[in-house]
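J.: For the record, the sequence lines run as chains A and B.
Count the first sequence with the numbering used here and you get residues 1 to 239, in order.
Count the second sequence with the numbering used here and you get residues 1 to 239, in order.
Calculated directly from the structure, the hints in this document are not laboratory data.
Everything numeric in this text was worked out from a predicted model, so none of it was measured.
Do not take every clue at face value.
What the hints assert, rightly or not - Derived pair list, reagent style SDA-like, types lysine to any residue, alpha-carbon separation capped at 25 Å:
1) Lys146/A - Asp141/B
2) Lys146/B - Asp144/A
3) Lys146/B - Ala169/A
2 protein chains.
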Amino acid sequence: MTVFLVGAGPGDPGLITARGRELIRACDVLVHDRLIADELVAEAPADAIRVGRERLGQDQISRLLVLYGRRGLDVVRLKGGDPFVFGRGGEEVLALAEAGVPFEVVPGVSSISAVPASAGIPITHRGVSSQVTIVSGHDPDALDWKALACTPGTIVFFMALGALGEIVARLVEHGRDPTMPAAVVASGTSADQRTVTASLAGIAHAAEQLAPPALVVIGEVVRISALLGSRCEMIPVHA
Amino acid sequence: MTVFLVGAGPGDPGLITARGRELIRACDVLVHDRLIADELVAEAPADAIRVGRERLGQDQISRLLVLYGRRGLDVVRLKGGDPFVFGRGGEEVLALAEAGVPFEVVPGVSSISAVPASAGIPITHRGVSSQVTIVSGHDPDALDWKALACTPGTIVFFMALGALGEIVARLVEHGRDPTMPAAVVASGTSADQRTVTASLAGIAHAAEQLAPPALVVIGEVVRISALLGSRCEMIPVHA
Chain A
1 MTVFLVGAGP
11 GDPGLITARG
21 RELIRACDVL
31 VHDRLIADEL
41 VAEAPADAIR
51 VGRERLGQDQ
61 ISRLLVLYGR
71 RGLDVVRLKG
81 GDPFVFGRGG
91 EEVLALAEAG
101 VPFEVVPGVS
111 SISAVPASAG
121 IPITHRGVSS
131 QVTIVSGHDP
141 DALDWKALAC
151 TPGTIVFFMA
161 LGALGEIVAR
171 LVEHGRDPTM
181 PAAVVASGTS
191 ADQRTVTASL
201 AGIAHAAEQL
211 APPALVVIGE
221 VVRISALLGS
231 RCEMIPVHA
Chain B
1 MTVFLVGAGP
11 GDPGLITARG
21 RELIRACDVL
31 VHDRLIADEL
41 VAEAPADAIR
51 VGRERLGQDQ
61 ISRLLVLYGR
71 RGLDVVRLKG
81 GDPFVFGRGG
91 EEVLALAEAG
101 VPFEVVPGVS
111 SISAVPASAG
121 IPITHRGVSS
131 QVTIVSGHDP
141 DALDWKALAC
151 TPGTIVFFMA
161 LGALGEIVAR
171 LVEHGRDPTM
181 PAAVVASGTS
191 ADQRTVTASL
201 AGIAHAAEQL
211 APPALVVIGE
221 VVRISALLGS
231 RCEMIPVHA
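Whenever a hint applies, use it, and build me the whole structure from the sequences.
T.: Here you go:
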């Protein structure tokens, strides 16, 4: 009887880990995020309790995990991407630890690298980028723009589509080169994936028709996707 | 006939993706890194060609992938972690693209978050860190220490054990708080995992007995591992 925080990966159901899939197949209770692929939810036993989290807040999710965990059930908390990359998994394991409920974290494929990869972009590349900064774009006022504008290498923004115009303006205002290449990858690794590339100055306009979830990649590595050209079969990776 | 660049994950063989394992089981040729778990290499068909890369340079690996790919074989290039996070996967896919050999990238669980997680450390945590900088420590002279010392949030160093004393000295010299918590996780997620935590000023001394591969985590998130305490079953995650 344990609560397993399992990373489901970035979208493509084939990117679940072997261990994660094994746990889903054996669980008593599956508590899953909204964007989890139907194929993964369907892997749970027919008589398992399934809880989609649309109508539940973070506190309610944590309380639910404690409740089911205390009843001695095997609970899989299936989260998009990796539980500890903007996944609020830390809050859930702290709630379990405080309640004395055993838990285990099973990491997942994060969007960090997998989503750019699905658009032909390696986030690190010898001679081009050996540093990556990962940041949440949902609250631009919380960010240190001066530090961010001058950071070397690749920048990957999560949850940045809504504020993309403001993000670009602040980066350029603080000295980031407006001609630097940028990409937005929406629904990365899934069948609905869409990618646009442009200069940093033009990326917000280029991405106007895209919908979340989306990742924004800023840096010279974006150019590599063009070198890979049409031979690249990375869009999308399917199981 | 395709060359598949597959991320094997950080060490624990249970962290391979479902898609990656399926490809290994069906391959004609398996070209794998030195640190890949024996269990994963053993998943290849009995009659598959197996190539460990100990005695091969990066150029030779790329040439080998092109050669086998051109012969119409299904080739799995199995790489530690994720192919595009300091994995030189970009060089390999560029060589394949230039040679006209079809390829596909199957992302893996990167050490970025999985290795800190295996030591009870979430690299992002609400109210503590919403930014992560990932950097290679193998060549300290190549880094912008001023930018790195002032970057907010969590810093994750890859390949940093050899130069850890110098890394700490340069960060502190450029203004990073020497009392900030730090951790070194060696062989993360594997049976041999070892973790030490200390202040930034003390971490090089604390990690003296550890051997590569190791990840260095610097930031307030390191404190969360203590809150999770002995109830935390994250060390190590095994299949």
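J.: Lys146/B and Ala169/A were given as a pair; does the straight-line alpha-carbon distance stay at or below 25 Å?
T.: 24 Å, holds
J.: Taken at face value, is the distance from the CA of Asp144/A to the CA of Lys146/B at most 25 Å?
T.: Roughly 15 Å between the alpha carbons, so the hint for Lys146/B and Asp144/A holds.
J.: Verify the proposed pairing of Lys146/A with Asp141/B, using a straight-line Cα cut of 25 Å.
T.: Given pair Lys146/A, Asp141/B holds - Cα atoms ~23 Å apart, limit 25 Å.
The structure meets every hint from the earlier list without exception.
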